[in-house]
Amino acid sequence: GESVGLHLPTLSVQEGDNSIINCAYSNSASDYFIWYKQESGKGPQFIIDIRSNMDKRQGQRVTVLLNKTVKHLSLQIAATQPGDSAVYFCAESHGQNFVFGPGTRLSVLP
Amino acid sequence: KAGVTQTPRYLIKTRGQQVTLSCSPISGHRSVSWYQQTPGQGLQFLFEYFSETQRNKGNFPGRFSGRQFSNSRSEMNVSTLELGDSALYLCASSLKRTSGRNNEQFFGPGTRLTVL
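Respectively, the protein sequence lines represent chains A and B.
According to our numbering, the first sequence is numbered sequentially starting from 1.
According to our numbering, the second sequence is numbered sequentially starting from 1.
Hints listed in this document are in silico derivations from the structure and should not be mistaken for laboratory results.
Note that the coordinates shown come from a computational prediction; the quantities given were computed from them, not determined experimentally.
You may find that some hints are simply not true.
Heads up, simulated DSS-like pairs for lysine-lysine below, C-alpha to C-alpha not over 30 Å straight-line [stated by the list, open to error]:
no. : chain 1 : residue 1 : chain 2 : residue 2
1   : A       : Lys56     : A       : Lys42
2   : A       : Lys42     : B       : Lys13
3   : B       : Lys13     : A       : Lys68
4   : A       : Lys56     : A       : Lys68
Extracted from the complex, chain B is given alone in its bound form (with noise of 0.2 Å):
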């Protein structure tokens, strides 16, 4: 079985441009979580999708975004970059809502973004 595959694996971006990344999950998960991660804040939450509709969200501004597909693949949006945007971007899907127990995320391999 294929493993979560995000795209593109490195993006460099320039201050107020905007970023599309892409998610496919697991075949057979429904629920997609985006991270961002950092040397400093480490993994932070961003969002979860189930069944295409967000269901959690974390302290995030407005600029980032996300959807889902109904074959469950998922995309996250930033738009208006800032420098401190660059982080890995980490995409997780498992098979149920994040909330259930035994319920266990299988990360990607994350976007490097930078942005200069």
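If we strip away everything but chain A, and leave its shape as in the complex, we get (with noise of 0.2 Å):
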């Protein structure tokens, strides 16, 4: 069946740093994904979505990558925050459900 998964699911940085997570997707029919940001006591925050005939979108401090070949996510912060702690989830879907992946969490270092 088709899944959504990480490579990592622990990440530490340095406050300032980039960080860069990572998402595998084994369905070559999704053409939507999103990623999540869930803070602990809380429900997951959209941080930004792409389009399967994109390869790059930008918002603010975060850019997602989507290669289609290899079937990878990435979510890339910038200048990495304290505030940025949490658990970054991707989804992915290819028509109603979405498919999410069971998430990294990102701690910053001070």
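Two chains, two frames, some hints: make the complex.
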């Protein structure tokens, strides 16, 4: 069946450095992807999305890259701040339902 | 504008019991989706309701059910609880059906269910 996974379950970065969170998806028919951020005690919060007809999309301090050839998605966070500490999920969809990855915990070191 | 609210926030039940969770979407949102979140499986889609009708359903047993009212508020019910049902249950609302593009889902804080 379709699945979405993450390469790294935990990631620690120094404050001010850039963070890169990776995600692999298995369904080549997926055409829409979202990154979510989930802080402790809260529900997931939308960060940025990308459609399969794009390779890159930029937001405020975040960039999502999509490589359809190898079915890989990444989230880049520039100048990581303490407030970025959270669990990050990727999600993919090819129609109706979303399939989420297990999440990567990002820890920002002072 | 108030966000998505879920009640109760925490719940403890024993095996065999049933439970009902409630979700109030953002005002004006007509789509409500339910998800189960566990450390091992991550976020898994349960079902989506739109205009009081179930539109999509995930791969969960029939013990999991839901409904949506005319004011878009939604409830989900789990009958004959099992230990493995312990999880964070998240509700998300959106303006349109989740299959629509540019249709952001807003998540509530979730209900933490513990089955003993």
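Comparing the hints with the structure gives:
1. Lys56/A with Lys42/A: Measuring from Cα to Cα gives roughly 28 Å; hence the hint holds.
2. Lys42/A with Lys13/B: Holds, because 22 Å separates the two Cα atoms, which is no more than 30 Å.
3. Lys13/B with Lys68/A: At roughly 44 Å apart (the allowed maximum being 30 Å), lysine 68/A and lysine 13/B break the hint.
4. Lys56/A with Lys68/A: holds (11 Å)
Taken one by one, the earlier hints fail for this structure only at number 3.
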